[in-house]
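Position chain B against the provided structure of chain A, taking the given hints into account.
Number of protein chains: 2
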Amino acid sequence: MSRYVFYFEEGSKDDRDKLGGKGAGLAEMSRIGLPVPPGFTITTEACIAYQAAHDFPDGLLEETFEHLAGLEQRVGKVLGDPKDPLLVSVRSGAPISMPGMMDTVLNLGLNRETAEGLGRLTGNRRFALDSFRRFIQMFGNVVLHMDMDRFEAVLDAVKADQGVTEDQRLDEHALMAVIDRYLTVVREETGADFPEDPHRQLELAIKAVFDSWNNPRAEVYRRINKIPDTLGTAVNVQMMAFGNMGETSGTGVLFTRDPNTGEPRLYGEFLTNAQGEDVVAGIRTPRPIEELAQALPSTYQEIVETCRLLEKHYGDVQDIEFTVEREHLFLLQTRSAKRTARAAVKIAVDFVAEGILTREEAIRRQDPEQVRRLLYRQIDPAARVDEIARGLPASPGAAAGRVVFDADEAEALGGAGEAVILVRPETTPDDIHGLVAAQGVLTSRGGMTSHAAIVARGMGKPAVTGCDMVRIDVAHNLFVAANRTVHAGEIITIDGATGRVIAGEVPTVEPNLFPEFETLLTWADEIRTLGVEANADTPEDAARAREFGAKGVGLCRTEHMFMGSDRLPVVQEMILADTIESRKRALDRLLPMQEADFYGILGAMDGLPVTIRLLDPPLHEFLPDVEDVSAEIRQAEAEGREDDAARLEQVRRRANALHEFNPMLGFRGVRLGVVYPEIYAMQARAIFQAEARLLKEGRDPHVEVMIPLVGVAPELARMRELVREVNEAAARVAGIALPYKIGTMIEVPRAALVAGEIAETAEFFSFGTNDLTQTTFGYSRDDAESKFLPTYLADKVLAENPFVTLDRGGVGRLIRLAVSEGRAVRPDLRVGICGEHGGDPASIQFCHESGLDYVSCSPYRVPIARLAAAQARLASS
Amino acid sequence: MSRYVFYFEEGSKDDRDKLGGKGAGLAEMSRIGLPVPPGFTITTEACIAYQAAHDFPDGLLEETFEHLAGLEQRVGKVLGDPKDPLLVSVRSGAPISMPGMMDTVLNLGLNRETAEGLGRLTGNRRFALDSFRRFIQMFGNVVLHMDMDRFEAVLDAVKADQGVTEDQRLDEHALMAVIDRYLTVVREETGADFPEDPHRQLELAIKAVFDSWNNPRAEVYRRINKIPDTLGTAVNVQMMAFGNMGETSGTGVLFTRDPNTGEPRLYGEFLTNAQGEDVVAGIRTPRPIEELAQALPSTYQEIVETCRLLEKHYGDVQDIEFTVEREHLFLLQTRSAKRTARAAVKIAVDFVAEGILTREEAIRRQDPEQVRRLLYRQIDPAARVDEIARGLPASPGAAAGRVVFDADEAEALGGAGEAVILVRPETTPDDIHGLVAAQGVLTSRGGMTSHAAIVARGMGKPAVTGCDMVRIDVAHNLFVAANRTVHAGEIITIDGATGRVIAGEVPTVEPNLFPEFETLLTWADEIRTLGVEANADTPEDAARAREFGAKGVGLCRTEHMFMGSDRLPVVQEMILADTIESRKRALDRLLPMQEADFYGILGAMDGLPVTIRLLDPPLHEFLPDVEDVSAEIRQAEAEGREDDAARLEQVRRRANALHEFNPMLGFRGVRLGVVYPEIYAMQARAIFQAEARLLKEGRDPHVEVMIPLVGVAPELARMRELVREVNEAAARVAGIALPYKIGTMIEVPRAALVAGEIAETAEFFSFGTNDLTQTTFGYSRDDAESKFLPTYLADKVLAENPFVTLDRGGVGRLIRLAVSEGRAVRPDLRVGICGEHGGDPASIQFCHESGLDYVSCSPYRVPIARLAAAQARLASS
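Protein chains in written order, with the numbering used here: chain A, -2 to 874; chain B, -2 to 874.
Looking at chain A on its own, in the form it has when it is part of the complex (with noise of 0.2 Å):
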């Protein structure tokens, strides 16, 4: 015959499917010897039979009652015993964590024999009546199942019958009468008189426990959180231990380390003479933990000795709830503490100083997304927000200004200096000086990727997109958001990191790379295999990008400088342009533009890759939006300027010439490249004068062409025909040799299919899993993010959201393929991606499992990708 009870020193924190988890905490800490209030557990294997028998197995009473009777022996105190009563508590306790589902009985074994005798030995005959009258209230609903109202109208009528309101204002004698109501009431509802028997008691209040995992709440949470009916909950008893017996008890709860800082220092508060419940009900105040070393010094020093062993035992920062039972230390539970993402760095590199962790669990314990917010200006956690909206976190960090509706004024206002928020429905290419003087940008259309996310996020400036529960009324300068209306002026808040829109100005909390923060990602490159580079569009954030740790510069978009409020009108001049030749006069003026540049970016990363990707987007994007421009015609007619109509004509008939069904699908990357070879020759040019010149200066650049959406095999070897007749010339002219590498990204899933075909040509592979991730699933982000997908996530269609994490199934499988056949036609072919999975833990992993050579991303997630880069070959060795 199996055993089902166990004492607490039997087990060990692995026995959590036996005595669950509850059970194997309070196992582990007896084990290994700290003060823990002695006791017993009844695994989950009896709760087992139980359920399947509707009744105790053989033997599991008897075998309860012999480990009461050595409970009884160990502590000196015997349940039921009227001098020197041992009261329990019987908790349940699952395999998994289910907070608060299951029941729990305190204070069992009082009776009214029992409790005179706390009453008497607490020297508190009025606190023993009260735990009296609340634990037949407790045993009366738990257990037997009764209205809570039948108590509650008994209460009610005392109070009023002594002229009182509140519960602790009842006397001795009054509680006396609660009780003999009480007891009265049991027997009424149930037809029997209130078990004063503590050995019935406790056969009762397990069965109740056993009973419970099947309650109605119970069941529902296992549902959802896919926990199998069939584990079972273990039954915990253990001794009753009274912080309130006396100024040499007490009770308290304690961080064994600062949570918010992590200095190494006790943090919490304790009250003496109390209960757990004293402290959380607020009647008296705590007195900080420090002030205990006074209080009971002895006491106090047993609880930093306490707190040193959790640590090192645990390896982590504990969060303690103890009681001081005349002068005797019980721990009643011991977990990990919540902490802020600093005070985890701090501890982690500090536990490994003192010795408590190796270099490799101090990684290992960082969490990835805990560790970003480190990296963005974040709303003050402890700050009250009145948030009136949520829309789409489409690029992290917060920021207050007032609300501006237009570009212009934008412009004019955070010119003057002032902080200023962008609201518009959606932002074009004409709105960039706007966004370059906003403090972040607001936008009631668009999803993670439409304009406005993607520049502010090149920008790393706030942005919440696709915000459709504000109506913005730009004709009227506001905006309308739960019934509450904005008017331009007001101050805002946005965090960019959850979506939120806040009403008025709310504290934030800046961001930097502590000196503890850089000796662990110093660490995490250690160990990491994958490389990690950034993506960056400007100097500056090749040089941010460069002090978070980037390796180089992954992705550089060009289309981004295209849209500088200097080139936009070169730029439409080009589009514009009825002949190669007058196209090639507008490209003459963007080439200088284009040089300056590649000439700074290259320059910050002086000595490390920058991979150039040439123009990609659909050259519709950088012209006016066509009603708009209808609109300036009909002004410009109205007012009889015939000259600017007619211009206006040609945009508008141009505009319209290059309109696109599905832009994400059409007439761009290389396909720019192939029709219009013009103005990929030009940014070729562009980037090798940019190498000339630094060379000539001495320095180091390393050049990488990437050509953007190739899906053919053809379409790379022309362009690399025309990149390498372009380089030809330009070392002709600058007399020494420009080297650079070419290669392309594979966003589309043919390109990932002829992999072994591209690599012919290709000197490298990028993945833009962005773009890969839509058309492998058919989706379009802008349209799916506000369309679909929250009801995919909601209901489970999808597991994730492939646009944060990349899917294995369908895009990983394309892009193993792609490296798997393209490294066998070219074994040095470097491979790594480039979409926003670049700075996703879980993508990074996957990553990392597949031979990827690095990963690259925007500036701020160097550092967690740095990290998460570690952690997966820590994951996978």
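Hints in this document: simulated from the structure, not taken from any laboratory. All values reported here derive from a predicted model rather than from experimental measurement. Since no wrong hints were added, every one of them can be taken at face value.
Given that identical chains are not distinguished, each listed pair holds provided it fits within a single copy or across any two copies.
Quick list of in silico lysine to aspartate or glutamate cross-link-like pairs, EDC-like style, CA-CA up to 20 Å:
hint : residue 1 : residue 2
1    : K80       : E69
2    : K793      : E718
3    : K204      : D190
4    : K204      : D55
5    : K10       : E358
6    : K793      : E754
7    : K793      : E757
Frame of chain A; chain B shown alone:
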């Protein structure tokens, strides 16, 4: 030492590489005993050796003259013999035909003496002198590289002397003068006398033909046509035959059967006492070939027998050139005859009856693209057309009618029996009644999958779309094309097979399935293993498809049913519904209409499977254009119709909310089913109610429910559950079981990549190759075909338009992967394709090779698919 020279009799048609195409043809005819003027061929190897050494290889000249001697002996004439001179032609002939690119010398062997001899022999001195004059000119140009202008100047001068304007008017005396002055010109220009020695002439002519392999136009031709430079050309030296030796001589061309109808009779014409060039020059009117039976009965009989022999030998109808020299028949050339599609079919079937071909050979011979033309009304190939523009060939067939710019007017005029062509910038669901009433449609925007194109193909009406050469001015009721203005009411003809827009009415030819065609298709059915089904959305389409031999409906699109003018308002009401209840009310009204649709189609395909795809397009496709609604709102406001304005405002808001950036990748297909399950539930209910009615009537419906656009397995699992519930409810109401199958379209790459998971739930896969091509390449068809695909095809970046012929490397790889992994999970998984590729012969070949069960294509493509499927089987076996 290898031989360089072969008599015609020594080779055969298999010696193309060595003897060139012409040499192999002459050899073959000689070998089987046909009357070919005798001669010999100098091999391509000799040419290659000549090119390498820049001189004749050792022994070549000797070998050539030996063969010349043999030829002289055989024909009893001697080169250079004034009494009976042998004249020869010296012609190039490469292994791959390069028509007109290289040089030829005729009448070689003439000089002053032999010309006089020829004159005596033919009794026509003028002809002999003129031949000599022409020979000098041709030899001077081709062999001596002289400028033709020098000869022309002489000729003009002599004509002026004689006071005549035409060459033919020059008499013998004048010709003698021309010859004298020609010879003087040769001496002046080349510094040497014209070579009067025929052996020297031959040597020089052979060298010249060899040299012509590397003339600039031949080199360009080879580069364009990717013909290797290393092949070289052969040289054919052949006795000249003369059809102008009196009334028992003659010349002619004929087809061995009527190339228009395929009737088994000779079809051609002849002239007595004439040479080939006289027939071409058109000076004398040739006589029908039948009349040769009277003129030269025995020769005629010989021709008839020769034709029979040729057809039998080549297994094909031949196009022949012949010369009769004194009742002696010579074949100068035979080649496969060009013929109409109809004739090709009749001939093949007749050949089988005559034992010339097997059924398999007859099938193999057909060009499916040519056969396709039999199935559409075509523009009469003989008609003169006034083409004014060319757009995309969006839906084949030809139609003429009055230009109408408005759907309502089209309906009015069409209802009155007038033939009209609807001309619109693009069409929307609002134009459906106009499309129904029109003979065809022309749009200036939108591609092969635009609304107009899809609807027209569904209706089997001609459409030309994306014709951006025409500028449509709806406001002024006119369009402009190539500086021609066409007003409403004028007649145009459109040719949807070529994309031509033609002014005026052009005669057209009716299609039909004539008996020989049906016979051929029956043979194809016996051979093929690949099934052929049809895409059909209406009972009429289904019936037509069945007539054409479809064995089921592989794709029934339910959205076109939503666009009928009686349904659209209800569909819009459903879309505009604010609550699920009001949406269900609208769906309840659609239910009986959908049930009637399915009843009709299932009935028309009684006994055969009908695969019904549930709603696929994004809902905004059913709403009117936002700009149109805005205009209507303005008007309603101006007229004080406030209720109308409010209602329209609701439409506009919903249309705006449903707006998508990339509708192709948006909120459509199963995504609608997951978010609005009530829509799919209504469609499933309509299907099963129709099935129940048919079963109770003793019919035999085979229902297959197809869920579109599945990308993750849980999507299909949910829809399968939904359909199962609806089916069970319908079966309970009907009181009988309602069997069905459920499956999915594989039309995004991810579905193919996780086909194994999807096959757990799917009973069939249908590859939607249109969308699969779009997503695999990342091409939006509408945008690609109007923007960059033309350049890609012209520049050979793509060998084929992947929307026409299935891309094997990318899309095909996904299909093969999905078939193999799907069948691994479910061995009886039925797989087919239902994109437009289902009607493309090359794609059908791929489907056969990949083990698909069937292809489904538009009804008019069914016969081609049957034929192509048989050809695929024959090609693989």
